[in-house]
Structure formats: C-alpha cells, structure tokens
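Asker: Sequence:
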Amino acid sequence: MGHLISMVELGKLITKHHPSYSVMILTLIPSFNTGATAAYVRHISATFPAITFHHLPDIPLDPLLFPSMEAIVLELIRRSNPNVNIALKSISESSNIAAFIIDGFCTAAMSVARRFNLPVYYFFTSGACCLALFLYIPTIHRTTTGSFKDMNTLIQFPGLPPIPSSDMVVPLLDRTTTDYSDFLEICEQFPKSAGIIINTFDSLEPRVIKAITDGVCVPDQPTPPIYCVGPLVAAGGDDSHECLKWLDLQPMGSVVFLCFGSLGVFTGEQLKEIAKGLEASGHRFLWVVRSPPSNKKEDRFLPPPEPELDVVLPEGFLNRTKERGLVVKKWAPQVAVLGHKSVGGFVTHCGWNSVLEAVSFGVPMVAWPLYAEQRFVISFSNILMLLI
Numbered sequence: 006m007g008h009l010i011s012m013v014e015l016g017k018l019i020t021k022h023h024p025s026y027s028v029m030i031l032t033l034i035p036s037f038n039t040g041a042t043a044a045y046v047r048h049i050s051a052t053f054p055a056i057t058f059h060h061l062p063d064i065p066l067d068p069l070l071f072p073s074m075e076a077i078v079l080e081l082i083r084r085s086n087p088n089v090n091i092a093l094k095s096i097s098e099s100s101n102i103a104a105f106i107i108d109g110f111c112t113a114a115m116s117v118a119r120r121f122n123l124p125v126y127y128f129f130t131s132g133a134c135c136l137a138l139f140l141y142i143p144t145i146h147r148t149t150t151g152s153f154k155d156m157n158t159l160i161q162f163p164g165l166p167p168i169p170s171s172d173m174v175v176p177l178l179d180r181t182t183t184d185y186s187d188f189l190e191i192c193e194q195f196p197k198s199a200g201i202i203i204n205t206f207d208s209l210e211p212r213v214i215k216a217i218t219d220g221v222c223v224p225d226q227p228t229p230p231i232y233c234v235g236p237l238v239a240a241g242g243d244d245s246h247e248c249l250k251w252l253d254l255q256p257m258g259s260v261v262f263l264c265f266g267s268l269g270v271f272t273g274e275q276l277k278e279i280a281k282g283l284e285a286s287g288h289r290f291l292w293v294v295r296s297p298p299s300n301k302k303e304d305r306f307l308p309p310p311e312p313e314l315d316v317v318l319p320e321g322f323l324n325r326t327k328e329r330g331l332v333v334k335k336w337a338p339q340v341a342v343l344g345h346k347s348v349g350g351f352v353t354h355c356g357w358n359s360v361l362e363a364v365s366f367g368v369p370m371v372a373w374p375l376y377a378e379q380r381f382v383i384s385f386s387n388i389l390m391l392l393i
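Count along the sequence shown starting at 1, add 5, and that's the number in our numbering.
Read the hints as simulated data drawn from the structure, not as lab findings.
Each hint can be trusted.
In silico DSSO-like links for lysine-lysine, alpha-carbon gap of 27 Å or less:
1. 250 / 346
2. 250 / 335
3. 215 / 197
4. 346 / 281
5. 281 / 334
6. 335 / 346
7. 327 / 281
8. 197 / 17
9. 277 / 327
10. 334 / 277
11. 250 / 327
12. 197 / 94
13. 346 / 327
14. 17 / 94
15. 281 / 335
Restraint ranges, calculated between C-beta atoms of paired labels, are given here:
16. 32 / 314: 29 to 37 Å
17. 26 / 334: 33 to 41 Å
18. 367 / 275: 26 to 34 Å
19. 147 / 315: 51 to 59 Å
20. 59 / 231: 26 to 34 Å
Where a beta carbon is used, it is the ideal one built from N, C-alpha and C, also for glycine.
Whole structure, please, built from the sequences with the hints as guidance.
Answerer: The structure is reproduced here in structure tokens:
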C-alpha cells in the first residue's frame, strides 16, 4: 500500500507541473490480499481525474508455495508481463506514452516497455540511503563470498557510515535464498534505466545523494540521472476520524503516537507488554492496534481481522487508561495525526513514508523496525539525527 500511495503522490506532482500530462497507473491486486487498496483507488479516481488506473487481471497463485511476501509479489509481476504488454499496446493506440515509471518490484516489466521503445524510469520509494545500498550491492556480491547474516561486521557503502551487516535489507541477508537472487537482479537493473526518481530531498541526505550522483555507487558503469522529488507526503485524509477529535482535547505536544504500518503486527504477548509499558509510563498515547498474526500457515499472507481489544490487551487496560489514552483498531489517518499539535512523539516501524511524514512535521521518532529495509533505515537515521 505504501508503494501505491507514493506512486499516486508522484502522479499528482507530475500533473501539477505538467497539466497537459495524464498519469495511468497499472495495478495488480492479488485476490488473496486486497486490503484497503480498492477503497483507496476509488477515492483517488474520484478526486483526481488526471490520474487513472488500469487494473491488470488477477494471476492465480498459491501464496503458500512461496517463502516470503517479496517472492510472491515478484512472481506475480513476472507472470503479469503478457498483461502489461496488452495494456501498453492498448494505451499506445490512443495516447502518446512519454515514459514508463516502475518501482523495484516491477523490474520484470522493463523488458516489456523496451518493446515499445519507452524510456524506463525507476521510482525508488525509499530513501537515497537505501538506493546507495542497492546500487552498490552488485559490487559487494562480486567481492565477497559469505552472507550478510553471517558476517558479524560493519559494511561500508559509498556515502554512508559503516552499517552493521545484521541490519541489511531483509531479502539480502542470505545469499543462498531466491529472495537474494531476485533482489540482486533488481539491483543490477537500476543503472540500466533512463533515470531514478527518489522520494527524498537534498538537505535530508546530502552526503549519500552526492555519492550516488558522483557515480561512486556504480563504479563499473554510468549512473543514470537522479531526481530527488520528495518529500512526497499524502494529504491529511479523513479529518472526521474519532482519534482527531480526541487529539483536539489533549494538551500541545503531550501525546505519543504508536503506529506500525499496514503490515506491522505483534504477537499477543508483545501487545500486552506494550500496553503495560504505556500504562506504567503515565503519558498520553494514541495507539493503532492490529490483530496478532495467525498461527495457521494458510493465513500468513492474509490481512488480519479486526482486533478484539478486550482479548488482545490486558484485562482492564482500556478502562484504566481511558482518561489519557486512546486505542484505535487497524488504521488511523497517520499524516493528519502527525500534523496535529497535540502529538509530541511517534513510535514507528520506520517505513520510509512514515519517516518522511514525521520529518515533515518535526515529530521525534522512537524506532521499532519490523521488516523489509527498516533496520537499515534506522541505522542510517540514527547517524542522520546525530549529524543534524
């Protein structure tokens, strides 16, 4: 969901600066995990007519046959290439396609775009710190033999301070896995694009952006043009949500906001420990709670059901903290919350969108990485905050 939101925000930016352009976004929503995507697409379609969506046919795929969500997504994209070809052919018959913009997961579609002689640009939805890593990974791969998970050392990437090997982006931790091979292929394709668009800005990551543009991260071939277009932060969203009305009643800068993204889940034991900590702290809080992950293998990639708060939280917790805390089920309008004057801190998984939103509103963060590149982002962000 975070990738789609960022792509839509990029589309808004393009149409703002080039009103004669329209943007069509190809989407593939797997039947086993639609989440909130369909509702979001309907909202954007209704409010931004210059941005339209072409929904690719669903691809039958058993998620239980794959080791990770990343593997599922990459296989869905690969199998969708014939449908991407059909879509581009149809669009090109009535419109002049100026460019084909993809994110890293859609690298397989690059070959389709080339059949139509389209310039392919990557939209990198994380920061320049992660892009530097991805660009340099092929060099690391050629000059080392072991897996990052086994190195127990600091790794040096151009433009970055030394990073613990254990904080590597999760799919790249073990070079014996298919996830590693898939991501290595993606890393090797970045320099072959017409350009890379990054959701960041120069003053946030000046050192690493310079390393990329100077070509240090890709020592054996030219680095494509780099375009820093961030921060791309979505509008505030639903201003009628109950949590915003509750925040209106709280003192300025007094509330700690806890939210861990659309995929961030905790075990039942972890949820109870977080609740105990919040209660013992004595501070005001707004906490977005999702149901614990299912123990059933067949449910591991399905969206969790709405949580039963009386079950997942300690007995009496809601009543004991009702004067200073609010627990929200599954989702809250994060941008609007972070922009509210009552919020003074943010406990976050450190997905890049969340980091940019917090930075944009000047909200201090406490990091709790959960998946993907978040441990790496935190390693870099800790040093970034020290430099600031």
